[in-house]
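*Asks:* Fit chain E to the known structure of chain S by using the hints.
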Amino acid sequence: GLGLAGLGQAASAQEALTPNDYEDITQYNNYYEFGTGKGDPVKYAGSLTTTPWTVAIEGMVDKPGDYAFEDIMKAMTIEERIYRLRCVEAWSMVVPWNGFELADLLNMAGVQSGAKYVAFETAYRPEEMPGLRFPVLEWPYVEGLRLDEAMHPLTIMATGIYGKDIPNQNGAPLRLVVPWKYGYKSIKSVVRITLTDKQPPTSWNRAAPREYGFYSNVNPDVSHPRWSQADERPLGAGLFARRQPTLMFNGYEEEVAGLYEGMDLTANF
Amino acid sequence: MTELIDTLNSLARRLPVWPVYLILALPIPWFFYQGLNGGLGRDPVKGLEHLYGLWALRLLIAGLIITPLRRELGLNLLRFRRAIGVMTFIYVLAHLMVWAVLDVQTLSRVWADILKRPYITIGMAGFLCLVPLAATSNNWSLRKLGARWRKLHRLTYAAALLASLHFIWLAKGFQLEPLVYAAVILALLVYRLPHKRIRRRFLPG
Numbered sequence: 018g019l020g021l022a023g024l025g026q027a028a029s030a031q032e033a034l035t036p037n038d039y040e041d042i043t044q045y046n047n048y049y050e051f052g053t054g055k056g057d058p059v060k061y062a063g064s065l066t067t068t069p070w071t072v073a074i075e076g077m078v079d080k081p082g083d084y085a086f087e088d089i090m091k092a093m094t095i096e097e098r099i100y101r102l103r104c105v106e107a108w109s110m111v112v113p114w115n116g117f118e119l120a121d122l123l124n125m126a127g128v129q130s131g132a133k134y135v136a137f138e139t140a141y142r143p144e145e146m147p148g149l150r151f152p153v154l155e156w157p158y159v160e161g162l163r164l165d166e167a168m169h170p171l172t173i174m175a176t177g178i179y180g181k182d183i184p185n186q187n188g189a190p191l192r193l194v195v196p197w198k199y200g201y202k203s204i205k206s207v208v209r210i211t212l213t214d215k216q217p218p219t220s221w222n223r224a225a226p227r228e229y230g231f232y233s234n235v236n237p238d239v240s241h242p243r244w245s246q247a248d249e250r251p252l253g254a255g256l257f258a259r260r261q262p263t264l265m266f267n268g269y270e271e272e273v274a275g276l277y278e279g280m281d282l283t284a285n286f
Numbered sequence: 070m071t072e073l074i075d076t077l078n079s080l081a082r083r084l085p086v087w088p089v090y091l092i093l094a095l096p097i098p099w100f101f102y103q104g105l106n107g108g109l110g111r112d113p114v115k116g117l118e119h120l121y122g123l124w125a126l127r128l129l130i131a132g133l134i135i136t137p138l139r140r141e142l143g144l145n146l147l148r149f150r151r152a153i154g155v156m157t158f159i160y161v162l163a164h165l166m167v168w169a170v171l172d173v174q175t176l177s178r179v180w181a182d183i184l185k186r187p188y189i190t191i192g193m194a195g196f197l198c199l200v201p202l203a204a205t206s207n208n209w210s211l212r213k214l215g216a217r218w219r220k221l222h223r224l225t226y227a228a229a230l231l232a233s234l235h236f237i238w239l240a241k242g243f244q245l246e247p248l249v250y251a252a253v254i255l256a257l258l259v260y261r262l263p264h265k266r267i268r269r270r271f272l273p274g
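Chain order of the listed sequences is S and E.
End of the first sequence sits at 286 in the numbering used here; the numbers just go up one at a time, nothing left out.
End of the second sequence sits at 274 in the numbering used here; the numbers just go up one at a time, nothing left out.
For reference, chain S alone in the conformation it holds in the complex:
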């Protein structure tokens, strides 16, 4: 676990971050279910029905079942987390999320002792998601975390941005946010969470295992086979924005490096 001191440092590191404006965050998105263009999600995600919404929590939990979104919200404490977001495509933003710790949700369902991983699944709605017509990826989109990553206090389920309900293009009504991993790990519009003892498949890893690993931790020293990850272009600074160095674990090294002690991060990328 993480001591109070660790959280305090995380909080002070957050204060230094200036969030991108609301338009940057909500008009420039990767959400391939609505198209591969960065502007497609804001154009087409309006068709996604987000009420009612249930999240199936299944597998190695004491209380499996369909959890209504409102019931989850009643049980959780919403707080603001200002996090860096580093896309695997080497651009970055700072987002003021509102949400709750994933650990709280998992504890609500009661994680059984043999569970080692958490699998996530995005909604699959061909009639509402025009991008599903194209086999860009195998649908539905799936992601996964090791249990200790999922239980880490930095890992949240986001339900809002800038104090407003999270827009559809950002993964309404609730999406994962794991700030030390590349953006695609933070799966959107979650409908299923499964506790398991086996490493679950993840969409990008399945599509291109050479390029996208299970862990996908932000790491300036391990380049993507097609581009360097040493630096990033901060979004919202215009045509002449300077690149800035990418930080190990996206700047959350102090908090999360312990999760990977003794692991070869080049092999487990």
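Read the hints as simulated data drawn from the structure, not as lab findings.
Be a bit skeptical, because a hint or two may be false.
[To be verified] Calculated lysine to aspartate or glutamate pairs in the EDC-like style (CA-CA distance at most 16 angstroms, straight line): (1) S/91 <-> S/182; (2) E/185 <-> S/228; (3) S/181 <-> S/97; (4) S/181 <-> S/96; (5) S/55 <-> E/246; (6) E/241 <-> S/97; (7) S/55 <-> S/40; (8) S/215 <-> S/165; (9) S/133 <-> S/165; (10) S/215 <-> S/121; (11) E/241 <-> S/182; (12) S/91 <-> S/121; (13) S/133 <-> S/75; (14) S/181 <-> S/38; (15) E/241 <-> S/38.
[Said to hold, decoys possible] Now the in silico label distances, taken between C-beta atoms and shown as ranges: (16) S/90 <-> E/108: 34 to 40 angstroms; (17) E/181 <-> S/228: 15 to 21 angstroms; (18) S/274 <-> E/245: 37 to 43 angstroms; (19) E/221 <-> S/274: 54 to 60 angstroms; (20) E/108 <-> S/180: 27 to 33 angstroms.
Cβ atoms here follow ideal geometry from the backbone N, Cα and C, with glycine treated the same way.
*Replies:* Chain E in isolation, oriented as in the chain S frame:
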């Protein structure tokens, strides 16, 4: 149909060539201006890079389609092909400059990317194919090189293939748009194969 083609042909004969250069050049500063003023979305660097590249690819296609238009429809736009070719090169150059100066920003990284990243290597090779074509796109070279000029300008085919491969390769996942461009370019190149064989068979020498 024949009447329409005749009208277009006589129009094409009378039209001066210089406005074609101008019209094809105008989007370059226009896109840049939009990039400066928020017209290219939230990531203007990528937006500009992509637009210049896309227009280069479209002009490559425009240059390649002139021959089939003449052979199949009798539409003769040969006069404008040099302008299209020269402007293709200018767009590729603009694409390359945005990538190197605004996107990558460091000369050593530009060099490293060209050597290390296959899709960039391929894009660069495509650009290099166009350099001798741009350099010989004047009447003096045409006269001087004679028959060799035509042979040299077949490098366009290589450039088109490399450009479409570059586009497919840089996309994340299996995306439709680059495949559509590749299919069009492939069709225009395949079109040239049987014609040559047939002509060789019937018109010896």
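*Asks:* All the hints need checking, so say for each whether the structure fits it.
*Replies:* Status of each hint after checking the structure:
no., hint, result
1, S/91 <-> S/182, "holds, 15 angstroms"
2, E/185 <-> S/228, "holds, 15 angstroms"
3, S/181 <-> S/97, "holds, 11 angstroms"
4, S/181 <-> S/96, "holds, 12 angstroms"
5, S/55 <-> E/246, "holds, 14 angstroms"
6, E/241 <-> S/97, "violated, 32 angstroms"
7, S/55 <-> S/40, "holds, 13 angstroms"
8, S/215 <-> S/165, "holds, 14 angstroms"
9, S/133 <-> S/165, "holds, 8 angstroms"
10, S/215 <-> S/121, "violated, 22 angstroms"
11, E/241 <-> S/182, "violated, 29 angstroms"
12, S/91 <-> S/121, "holds, 12 angstroms"
13, S/133 <-> S/75, "holds, 14 angstroms"
14, S/181 <-> S/38, "holds, 13 angstroms"
15, E/241 <-> S/38, "violated, 26 angstroms"
16, S/90 <-> E/108: 34 to 40 angstroms, "holds, 39 angstroms"
17, E/181 <-> S/228: 15 to 21 angstroms, "holds, 18 angstroms"
18, S/274 <-> E/245: 37 to 43 angstroms, "holds, 40 angstroms"
19, E/221 <-> S/274: 54 to 60 angstroms, "holds, 57 angstroms"
20, E/108 <-> S/180: 27 to 33 angstroms, "holds, 29 angstroms"
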